[in-house]
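Spelled out, the chains give:
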Amino acid sequence: MNLKRMFKQNGNGTAGANGAVIHMNDITKIYDTGKIKVEALRGIDLAVKQGEFVAIVGPSGSGKSTLMNLIGCLDTPTGGDYRLRGEQVSGLGRDQLADIRNRRIGFVFQNFNLLPQISAFENVEMPLLFGGVSRKRRRARVTELMEKVNLADRMHHKPTELSGGQMQRVAIARALAMDPDIILADEPTGNLDTSSGTDILSLFEDLWRQGTTMLIITHDPAMAKRAQRTVEIRDGLVN
Amino acid sequence: MTGLIRILQLFARSSSAQGKRAVLTIAAIAWGTLALLLMLAFGEGMKISLYRGSQGMGSNLAIMWPGETSLIFEGLPSGRPVRPRIEDIELLKKRVEGHAGISGEMHNGGVVLETDYGTRTARVIGATHDYGEIRNHIPQIGGRFLNETDQRLRRRTIFLGNELAVDLFGEEDPVGRQVMLNKTPYTVVGVIIYKVMMGNYGGMESDHAVIPITTYKAQFGRDRLSHVVVKAADPARIDELVSQVHRVLGSKYMFDPEDPAVFSTWDTVEGTQTTTNMMLGIQLFLGVIGALTLLVGGVGVANIMYAVVKERTREIGVKMALGARPSWITGPIVLEGLAYTLVGGLLGVLMAVGLIALLDMIPTKGNDVLELMGKPTLSIWIGIGSAAVLGIIGLLSGYFPARRAAAIDPAETLRYE
Ligand SMILES: Nc1ncnc2c1ncn2[C@@H]1O[C@H](COP(=O)(O)OP(=O)(O)O)[C@@H](O)[C@H]1O
Ligand SMILES: [Mg+2]
Numbered sequence: 001m002n003l004k005r006m007f008k009q010n011g012n013g014t015a016g017a018n019g020a021v022i023h024m025n026d027i028t029k030i031y032d033t034g035k036i037k038v039e040a041l042r043g044i045d046l047a048v049k050q051g052e053f054v055a056i057v058g059p060s061g062s063g064k065s066t067l068m069n070l071i072g073c074l075d076t077p078t079g080g081d082y083r084l085r086g087e088q089v090s091g092l093g094r095d096q097l098a099d100i101r102n103r104r105i106g107f108v109f110q111n112f113n114l115l116p117q118i119s120a121f122e123n124v125e126m127p128l129l130f131g132g133v134s135r136k137r138r139r140a141r142v143t144e145l146m147e148k149v150n151l152a153d154r155m156h157h158k159p160t161e162l163s164g165g166q167m168q169r170v171a172i173a174r175a176l177a178m179d180p181d182i183i184l185a186d187e188p189t190g191n192l193d194t195s196s197g198t199d200i201l202s203l204f205e206d207l208w209r210q211g212t213t214m215l216i217i218t219h220d221p222a223m224a225k226r227a228q229r230t231v232e233i234r235d236g237l238v239n
Numbered sequence: 001m002t003g004l005i006r007i008l009q010l011f012a013r014s015s016s017a018q019g020k021r022a023v024l025t026i027a028a029i030a031w032g033t034l035a036l037l038l039m040l041a042f043g044e045g046m047k048i049s050l051y052r053g054s055q056g057m058g059s060n061l062a063i064m065w066p067g068e069t070s071l072i073f074e075g076l077p078s079g080r081p082v083r084p085r086i087e088d089i090e091l092l093k094k095r096v097e098g099h100a101g102i103s104g105e106m107h108n109g110g111v112v113l114e115t116d117y118g119t120r121t122a123r124v125i126g127a128t129h130d131y132g133e134i135r136n137h138i139p140q141i142g143g144r145f146l147n148e149t150d151q152r153l154r155r156r157t158i159f160l161g162n163e164l165a166v167d168l169f170g171e172e173d174p175v176g177r178q179v180m181l182n183k184t185p186y187t188v189v190g191v192i193i194y195k196v197m198m199g200n201y202g203g204m205e206s207d208h209a210v211i212p213i214t215t216y217k218a219q220f221g222r223d224r225l226s227h228v229v230v231k232a233a234d235p236a237r238i239d240e241l242v243s244q245v246h247r248v249l250g251s252k253y254m255f256d257p258e259d260p261a262v263f264s265t266w267d268t269v270e271g272t273q274t275t276t277n278m279m280l281g282i283q284l285f286l287g288v289i290g291a292l293t294l295l296v297g298g299v300g301v302a303n304i305m306y307a308v309v310k311e312r313t314r315e316i317g318v319k320m321a322l323g324a325r326p327s328w329i330t331g332p333i334v335l336e337g338l339a340y341t342l343v344g345g346l347l348g349v350l351m352a353v354g355l356i357a358l359l360d361m362i363p364t365k366g367n368d369v370l371e372l373m374g375k376p377t378l379s380i381w382i383g384i385g386s387a388a389v390l391g392i393i394g395l396l397s398g399y400f401p402a403r404r405a406a407a408i409d410p411a412e413t414l415r416y417e
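If you're matching them up, the sequences are chains A and B in order. Residue numbering for the first sequence follows the working numbering, starting at 1 and increasing by one per position. Residue numbering for the second sequence follows the working numbering, starting at 1 and increasing by one per position.
Do not rely on the hints blindly, as some may be mistaken.
No farther apart than 27 Å at their CA atoms in a straight line, the calculated lysine-lysine pairs in the BS3-like style are these [as the list claims (entries may be wrong)]: (1) A/158 with A/136; (2) B/375 with B/47; (3) A/158 with B/310; (4) B/252 with B/94; (5) A/158 with B/20; (6) B/183 with B/217; (7) A/35 with B/310; (8) A/35 with A/148; (9) A/148 with A/158.
Keep in mind the hints are simulated off the structure, nothing from the lab.
This is chain B alone, in the form it adopts within the complex (with noise of 0.2 Å):
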C-alpha cells in the first residue's frame, strides 16, 4: 500500500518526455483506438442490417416444398408426387406440436394485374390469413393484412407489395382503390411497409400480391399447396417441428416419413445462425485489423519509454543509490506508459463517437449499398473490448521498457572514468 503511495508520489514528480514525441505518440494512439473503434462500430452496424434483413421474411420458420417420394413405402413405389391440399394445413395445425404459426402458399407468377393508372404482371398468392404475422407481411398505415373474414367469406381483397402498389397506383393511396386481377375486381386492402431483405424465396416481397386463399382456390381452381410454412414457437426445436409435418403428412399421403425427397425445407433458424457465425468472422478480422493499428500506437508509446529510460539512465542509477526500490522505479515509467495510452485512448473514442454521429446523419434509405452496411454503431460490448484492448497495450508499453529500467546497473552507471 505504502509501496503504491509512493509510486504515485513519484510519478506525479517524474518529469514528462519531450513535448513533440509525447504529442505524436499520443495521436498515433487516438489514431488506433479511432481504427479500432470504426471497424468494430460498422461490423455491428452490418450485424445488425443483416440481422434485421434476414428477419424481415419472419423469424424461426421452416418453409416447406413438396416433391416426389424416393423411398418406397407399404408397397408404394417411389416417385410418387406428394401434393398437400388447403384442407392439410388445419390438419396439421391441430396435429403438430409447437408451432406458433401454420401457412399454407399458393403461388402464380404470371398474373395480369391492371389498374387505370398502369398494368403489371406480377406473383400472386394465395395465402391463409395468419401467414401475414407468420412471414412478417406488416402493413403500412391505413391498411390491413387479410383476415380470418375474407378466408372465410372468400371476399376477393389484395394486399400488395409497396413496389408493385407503385406502379399500379403511382404515389396515391391504394387502400380501399380496385384492381382487375385476370379480368376480375379486387379490393385492395393493405400495402406492405418498406422492408431490408436478405433471404428470399419466390420473388421479392415488394413485387408480389397475396389474396385469400379460399379465393385463389375459386379464382385459378386448385388447391395444391406450393409450400407449407411452419413457425416455431422456440427456435430450438424447429428440426423436430419439420419431423412432425413429415409423420402426419406422411400418414395421409402414404409416405415414409424418413423419406428426405419429399419435402425440400429452407429453415431460417439454420440461415440465421449461419449469418451470426459469419458476422461474428467478421467483426473478429476488423476487431484483430483495429486493434492491429492500435498495437502499432503501442509500441510508438513503447519506443518513447524506452527512449527515456535510456535518457534518464544516470537519474535512475542515482535514485537508486539513494534508496529507491526497484517497484518505485518502474511503476511510474509503467504508469506514464499507460498515461499516454489512455490519453490517446480517450482522444480516439471521442473522435469515433464524434464520427459515428456525424455518419449516423448520413441518410442510407434507399441506397442499396449503404443500406445492407448499416449504420456504424457502438456497442457496449465494443466499449468493453476496447477498453480492455487499450488497457492492456498501455501496460505492455510501459511494462517492457520498466523491465529495462530495473536492469539498469546502479554501480555500472554511477562509474565515473
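Isolated chain A, as found in the complex (with noise of 0.2 Å):
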C-alpha cells in the first residue's frame, strides 16, 4: 500500500535542499508570561535527513519539549527559519498548520495522550479520519498499524484496560497512521517500566530499519547510544 501517493497529493514526497526533512536555522523561542519572558530557545540550527534516527538530550528545562513543538509545528518560532522538506512553515494558517500535522508528523508523548472514551481502533483511526480517508481504507490502515505494533488481539480495548506499553504501543500507531515524514517522540519511556521500555525501543528501531525518519526526546541512555546521531540542548542552545 503506497499511502504516500494515497495521502500526499500536494506534498512534493522528496526531501529538500540539502536532502534534509528538517532544517532549521537559528531558531529562537521566547515565553512571554506577562511578568517574565523565557528564552527556552537561543538560536537553536538543526538539520535531520531523510531516513535519519536522531536523539536529543540534555537537562530537564533546557528546551527540548519546546523544540519538539516547533518541529511539530504545535507552536510557532520566535524567530528564525524553518522549513519541512524545503517548504517554509512560518506564515502559515492555522488549517494548513493542521494539515502539516495531519500528514507529515507523528506525535509520540511521554504520557501516550490517547482518548481514554474511546478503543484503541477508534484512537488509530483519528488520524486518517481528520485525513479525509474512506471508512473502508481507514479499516484496513488501522488493521494494518495494529499488527505492526503487535496488538491485533487488543483493537477493540479501550486505553484503560491496556498496560502502559502496550498504550504507547498504540500511540505510536496512531502516529504511523498518515504515513509522516517524521516521527517526534518526546520521551517515549519515560512513563514505562525497564522491559515495556525495551520493547518500544525495539519497536522504533524496527520502524527506523524500515525507513522512518525518527526524532526521539530521551533520558534513557540505552536509546541515546541506538541512535545514529545524539544532539545535545544545554540553555536552549545545541551543545
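With the hints as a guide, bring the two chains together.
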C-alpha cells in the first residue's frame, strides 16, 4: 500500500534542499508570560535527513520539548527559519498547519495522550478521519498498523484496559497512521518500566530500519546509544 | 463541503455530555420556550379579542355629534347651534363621495318599555334602516333588523338589545311579540346577537332598543339628529369623508366647513390604529420577557458547553496535534449546543401546544375577564419568531464555548511536567 501517494497529493514527497526533512536555522523561542520572559530556545540550528534516527538529550528545562513543539508545528518560533521538506512553515495559516500535523508529523508523547473514551482502534483511526480517508481504507490501515505494533488482539480495548507499554504502542500506531515524514517522540519511555521501555525501543528500531525518520527526546542512555546521532541541548542552545 | 461532512462525522462521534446536566439544561430550554410561546400566545389571543371588540361597533366609522359654531361665518355670529335633520341623511348620501353607508340617529334615554313579563326604562334609538349594517347590529337567528319598508311606512317595529330582551321576555323568544313603548304597542322584529364590545357611545348596545327613524319622529315629535354615522369604504380616507360632511352641511346650515367645534367626531379607524399599536407594544413586551426566560436557558446550554470544553481540553489538544482543523473542533461543539437547544425547544413547543389546546377547552363566554383576555392563540408569526429566537440562542450558546475551544493552545495542553 503506497500511502505516500495516497495521502500526499500536494506534498512533493522528496526531501528538500540538502535532502533534509527538517531544516532549522537560528530558531529562537521566547515565552512571554506577562511578568517574565523565558528564553527557551536561543538560536538552534538543526538538520535531520531523510531516514535518520536522531536522539535529543539534555537536562530538564533545557528546551527539548519546546523544540519538539516547534518541529511539530504545534507552536511557532519567535525567530529564525524553519523548513519542513524544504517548505517554509512560518506564515502558514491554522488550517495549513493542522494539515501539516496530520500528514507529515507523527507525535508520540511521554504520557501517551490516547483518548480514554474510545477504543484503541478508534484512537488509531483518528488521524485518518482528519485526513479524509474513506471508511474502508481506514479499517484496512488501522488493522495493518495494529498488527505492526503487535496489538491486533487488543484492537477493541479501551486504553484504560491496556498496560503502559501497550498504550504507547497504540500511540505509535496512531503516529504512523498517515505515514508521516517524521516521528517526533518526547521521552516515549519516560513513563514505562524497563522491559516495556525495551519493547518500545526495539519497535522504534524496527521502524527506523523500515525507513522511518525519527527524532526522539530521551533521558534513557540506552536509547541515545542506539540512535545514529545524538544532539545535546543546553540552555536553549545546541551543545 | 468536505469540511461540513467532517464536522458532522466528528459530531456523530463526540461523546455527549453528562446525562444529568444535559437533562437539566434541556429542561431549562423547554421551560424558556414554553414561557415564550405562552406569552406570545396570550398576547395574540388578547389582540384578537380586542380587535374583535373594537370591530363590534362596526368598522371604519366616523361618529359625528353636532354642537355649536365657534367661528364667525359670512356675518353670522359664533355660538349658533347646528342641528341636522332626518332629511339631511339623504342629502349626505347623495353628495358625499366614497362612503359605504351614512346613517343618522336620534336618542331618547328614558323610555319606559313594558311587557307582561317586566318593565324597564331604557334608551330608544331612532335610526335609518341601514344602521343595522353600519353599526353591526346583527340579529339573532329567527329575527331581523329594521328594514326599508318599516321606515317608509313608519311601522311600529322595534329591535332589542339582547339583555334588554331578557329583561322584557325572560327566556322566551321575543320575535313577533309586543312591547309597550310609552304606552304605545310595538312589535319586536329581532334581537341583537351577543357581542364583545370595547368601544362604545350612548350606552351598551345590549341594553338599548332601535325603532325606525320615521316612527321615532312620529312618536317623540322630533326630527333633529343626535348624531350622524359615516362609514368609509376605504379607512385611509375617513378624514376626507368627514370634511365632505362639513362642507355639505356647512353650506346648508351656514357655518365654516373648517370650524372644528360644529361636530365632535369619533373616528373608530384611529381607535383601531391605537389598539393595534398598543397590542404591538404589549406583544413586544411579552415576547421580550419570554425571550429572556429562554435566554436564561441558553446561558445554561452555554455553561454546559463551557464545562464540556474544559473537560475535553486535553482531548481537543490531542485532536489538534493529530491534525484537526480548528473548524473541526468548533463545529461539533456548536452543533452540540444547537442540538440541546433544539431538543429543549421542541419539548417546549409540544408542551405549549398541549397547554394551549387545554386552555381552549375552558369556556370563557360570560366571564368578562376571560373574555377580554381572549384565548391564547399560536400564529404562524409566533412560530417563525420563536424558531428564530431559539435558533439564534442555540447558535450563540454553542458559539462562545466553541470559540474558547478554538483558542486552546495544543502545545500548552500537551505539556507534561
Ligand atoms: N508555555 C510556557 N510558558 C512559559 N515557559 C515555558 C513554557 N513552556 C516551557 N517553558 C519554559 O521553557 C523552558 C524549556 O522548557 P521545556 O522545553 O519544556 O524543557 P525540557 O523539555 O527540556 O525539559 C523551561 O524553563 C520552561 O519552564
Ligand atoms: Mg520536556
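Status of the hints after comparison with the structure:
no.	hint	in the structure
1	A/158 with A/136	holds, 22 Å
2	B/375 with B/47	holds, 10 Å
3	A/158 with B/310	holds, 22 Å
4	B/252 with B/94	holds, 14 Å
5	A/158 with B/20	holds, 24 Å
6	B/183 with B/217	holds, 16 Å
7	A/35 with B/310	holds, 25 Å
8	A/35 with A/148	violated, 48 Å
9	A/148 with A/158	holds, 19 Å
Checked against the numbered hints above, the structure breaks only hint 8 and satisfies the rest.
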